[in-house]
Each structure stands twice: as structure tokens, then as C-alpha cells.
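Please construct the entire structure, taking both the sequences and the accompanying hints into account.
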Amino acid sequence: MRVSTGSTTGGGSAVGLPRWTFVPAALGGLFVVLPLVAMATRVDWSSYWSLITSESARAALVLSLQTSAASTVACLVLGVPMALVLARCRFPGIDLLRSLVMVPLVLPPVVGGIALLYTFGRRGLLGETLQVAGVQIAFSTAAVVLAQTFVALPFLVTSLEGALRTAGARYEVVAASLGARPTTVLRRVTLPLVWPGLLSGAVLSFARALGEFGATITFAGSLQGVTRTLPLEIYLQRETDPDAAVALSLLLVVVAVLVIAATRRGRSPL
Amino acid sequence: MRKHVAAGIAALAVTVLAGCGTSATGDDGADGDTTTLTVFAAASLQGSFEDLAEQFEAAHEGVDVQLSFAGSSDLVAQIQQGAPADVFASADTANMDKLVADDLVAAPQDFATNTLEIAVPPGNPAGVETLADLADPDVALVLCAPEVPCGAASTKVEEAAGLDLQPVSEEQSVTDVLGKVIAGEADAGLVYVTDVAAAGDDVEGVEFPESADAVNTYPIAPVADATQADLAQEFVDLVLSDDGQQTLAGFGFAGPSPMR
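Protein sequences, first through last, are from chains E and C. Position one of the first sequence corresponds to residue 78 (the numbering used here), numbered consecutively onward. Position one of the second sequence corresponds to residue 14 (the numbering used here), numbered consecutively onward.
These are calculated hints, taken from the structure and not from any lab test. Any given hint could be a false lead.
[As the list claims (entries may be wrong)] Sample of chain C residues lacking proximity to chain E, with all beta carbon distances greater than 12 Å (derived):
1. D46
2. T126
3. V181
4. D238
[Stated by the list, open to error] With the C-beta cut set under 10 Å, the calculated list includes, among others, these residues of chain C facing chain E:
5. A153
6. V155
7. P180
8. S182
9. Q185
10. E198
11. A199
[Stated by the list, open to error] Here are the in silico distance ranges between beta carbons for each label pair:
12. E:A210 / C:D77: 55 to 61 Å
13. C:A225 / E:D318: 43 to 49 Å
14. E:V114 / C:L253: 42 to 48 Å
15. C:A225 / E:M116: 40 to 46 Å
16. C:A83 / E:R247: 41 to 47 Å
17. E:P169 / C:N137: 48 to 54 Å
18. C:A83 / E:P169: 43 to 49 Å
19. E:Q208 / C:E172: 32 to 38 Å
All C-beta atoms, glycine included, are put in the ideal place defined by N, C-alpha and C.
This is how it looks when you write it as C-alpha cells:
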């Protein structure tokens, strides 16, 4: 089932692709695009601007962008070393470790929220220690960032680990044999090589953080300007003002598409 | 392997195409043996309506009652989009009125009332005794957002008591409030009497006299284009009957108030 596409010169039809694949491919495309179109048709365009610039909407958008940026940074700080260890080290249990890192990816976010609650909550595993230290995480913006980082981290780790494996260790070995110290090799050879993978991993994490809902509502609560991110605001607006909910949903889609498009363009083909 | 994939895709395509062709007419139960009665009920009615459904099935041979529980506004949205419901029971009159306005139900009847109660974690760590205690900034208070019925009720008692409550979180639903209290994240939350009763030993309830300012009325009605119109009316009658009212009282509900 190996299919080569895209790279063939001469454009037009892809060489060697069975024709029947276009039918399910088109169906799949429709399946993704149609709901977005259906939503756009429900937008009340005359009041769109006022709906997305209301005080609660702006607070939610700003909070979403801030927390998603913060959790992307947290993902980079924790995830890059994790990906390096998983891609380059061999020790017993590493396969199990790799599976565990992926768990938030398959876990329903609500379950992630409950797990975080029992870890960082007031009565959680670390909660009392944190409270003694004067740190109160419950119902704070920090809780939102924790929830987003928890669900977004696997995206960064997987895509960077894949890039590291594809790049291989040849250049690193050469650099080391020429006398470069491990940190220099990492900074001058490894990271530049996997830059596209790192970038797309970071963007995926940001996008996942932006859409985070279940873990946040379970773990962080919902208060305007503090913990109520855009997805939570959309869910709440549905109760009283479906028009506002649809308008905000479209805004979220636009932001997500912009983020993805920006990296597609910035990514050099590997 | 490839064959399986192709078969899977074919099956998927057929499903997708079939999905486009049929409209949701809700004709389940048309076959001779069992008849299905679909009841949409507010989430807070879960325990009591499961009991009532069993009673209804016991009294009606060959009838299967399908229950769907969710927030009242979610259920309203589903019915407006053509979900096949025969009966709708709402946790507040505002949501029922939306369906009345759309001519999707006729003549709803009130069948129960519910009032607010303070829920605190076992042992009441913050020592909450009265509604006024909730205004203490050291008490981590969780409320429903004003946009949802329980939050509207909370705002009403807050205003009637002349208090300025500063919650640490305004949750989406009463279940979310209860969850935060059970987990011990919050020192106190405002929920319904029936929620405290259903939570058992997980929370303690603190009653307060100001709750009389926000009595929530639960209306029920058969849905206008119900496929099982007669059964739907019979189910409504059961809920309003003495037996039905007794069942509801067992879950902490009070009877309907004489006037709205």
C-alpha cells in the first residue's frame, strides 16, 4: 500500500494512486468541511462584530490566547527533553514510558481533569504540600495552563520524537567525534535538523491547548477573565444566546485555521 | 487485508449515504412487539424518572420507556432540531416556554418544585451555617453561572438577601458545582435540595430560609408531534398522579406550587 504522491513532477493526476481512493477521500473532505460550512450559514452576520467583541467574548479570547501560549512554552520546556530522551536513549522500560507519555492523547479530557484534580487539587496528592508552600492552584489561571499542558504535551513529544528518529544520529556522531560537547551538539546540530518537526509540534500543542475544554472545566472551573477560556464561553453562551455561541465558534475556527496555515507556510519540506 | 479495508470503506459510504436519505421520523417501536416511548427529562430528574419509567413499563405491557437526560436547554435545542421525543420534562419554566413559543408542545403542567440548598464537603471545613457565611472571602464558593437555571436561582436569592457573593467559579451545571464540592475543591456551593439528597454521604446540606425566594418549578408536556401521543399523555398523567408525586417526593422534590 505504498503510495507516492506530490513529489511527482508534471502536476495533474498523481501517479500510481488507485482511482477509487478519490471517492472516500472526497467523502472524508466533505465530512470535515461540511459541518464548518453549516455552522457558518447559521452566523448572524449583521451582529457578528458586536457578538465577538462583547466584554465576555474579548476576555475569553484574550485568556485563551494567553494560556495557550503559556502552555505551549511549558510543552517546549518539558517536551523537548522528553522527546530527546525517548528518541535517543535506550534503557529497560523505555517502551512503556513512551506509551505512558501518549496516555493524555487517548484519555477523554474530562478524565485528565479528574486526574489533575486528584494531583493538584486542595485534597490532591500534591495539593497539601502546595498549600503549605502558599500556592493555590484551584480555580486559578495556572490551573487552566496545567490542564492545557497536560493534554497538549503528547502532541509536541510525538511529532518531535518522530522528527528526531527520521533525522537520525549520524550528524550528531560526527559532531561529537570532532570534539563538540553534548550541549553544543544539541544546540548546533540536533535542534536545527529537527526544526520543522519542532515547529509543527509546537503549533499542534498550541492548537490543542486553544481547543481544550473538558480538563479545564473539570479542573479549573469557569470564571470570566480568570479561567473561562473561549471554548468554555462558547459552551456557556449556548444556554442563553445561541447566536453568540455560533459567532464565537466561528472565531475559534478562524484562529485555529490561521495558526495551522501560518506553520504550513513556514515549514520547509523535509 | 486490503479486502477488509475496501469492505470497511464501502460500509462507511453506505452508512453516510443512508444517513443523508432518511429523515429523523422517530419511527422506532413501530414493529409489533414493543412500543418505545421516548422521554426527554432534565438531568436533575434522573433518579426519580428512572423509577417512574419502571412503574410505567410495569403497568404497560410491551412498552419500553427510553429516557434521555441532559440540561434542559440542551434538550430544548435537540427537540427544536427534530429529535424524536414524546415527552419533555424541564427543570424550569423558561426552557419549556421556548417550546411553547415554537408550538412544539401544548399546555405544559407543573409537576414539582425544587429549592436551593448549600452543599458543603463532609465535616463542613469552612463552618458554613447561613447564606451570609458564603459572602466571607475565605470561603471558596462555587455557583452556577447566571446563564443556567440554577445560577439564575442563585442570583435571585443573593439579591433577595442583599448579599454580594464572590464565587471562585461559575459552573456550567449544578452537577459541576456538586463535583467541586465533593472533591473538596470548594468549601461551599449552591445546589438543589434534590442534588444534596442524591449525593448521599458525599456532601452535607445546609438549609437556609432565603431559598424560598427562588422556587424552581418543573413543567412536563407531551411533545406536539409525538409518535406515541396516547402513551405520552399517560406518562404525563402518571407523573402528576399521587403515585408519581410520592416517587418524586422520595427524591426530595416538593409538590407543584398552586400558582406560577
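Here is what the structure says about each hint:
no.: 1; hint: D46; verdict: holds, 36 Å
no.: 2; hint: T126; verdict: holds, 21 Å
no.: 3; hint: V181; verdict: violated, 4 Å
no.: 4; hint: D238; verdict: holds, 22 Å
no.: 5; hint: A153; verdict: holds, 7 Å
no.: 6; hint: V155; verdict: holds, 7 Å
no.: 7; hint: P180; verdict: holds, 7 Å
no.: 8; hint: S182; verdict: holds, 3 Å
no.: 9; hint: Q185; verdict: holds, 6 Å
no.: 10; hint: E198; verdict: holds, 5 Å
no.: 11; hint: A199; verdict: holds, 8 Å
no.: 12; hint: E:A210 / C:D77: 55 to 61 Å; verdict: holds, 56 Å
no.: 13; hint: C:A225 / E:D318: 43 to 49 Å; verdict: violated, 30 Å
no.: 14; hint: E:V114 / C:L253: 42 to 48 Å; verdict: holds, 45 Å
no.: 15; hint: C:A225 / E:M116: 40 to 46 Å; verdict: holds, 43 Å
no.: 16; hint: C:A83 / E:R247: 41 to 47 Å; verdict: violated, 57 Å
no.: 17; hint: E:P169 / C:N137: 48 to 54 Å; verdict: holds, 49 Å
no.: 18; hint: C:A83 / E:P169: 43 to 49 Å; verdict: holds, 48 Å
no.: 19; hint: E:Q208 / C:E172: 32 to 38 Å; verdict: holds, 33 Å
Hints 3, 13 and 16, counting from the list given before, are not met by this structure.
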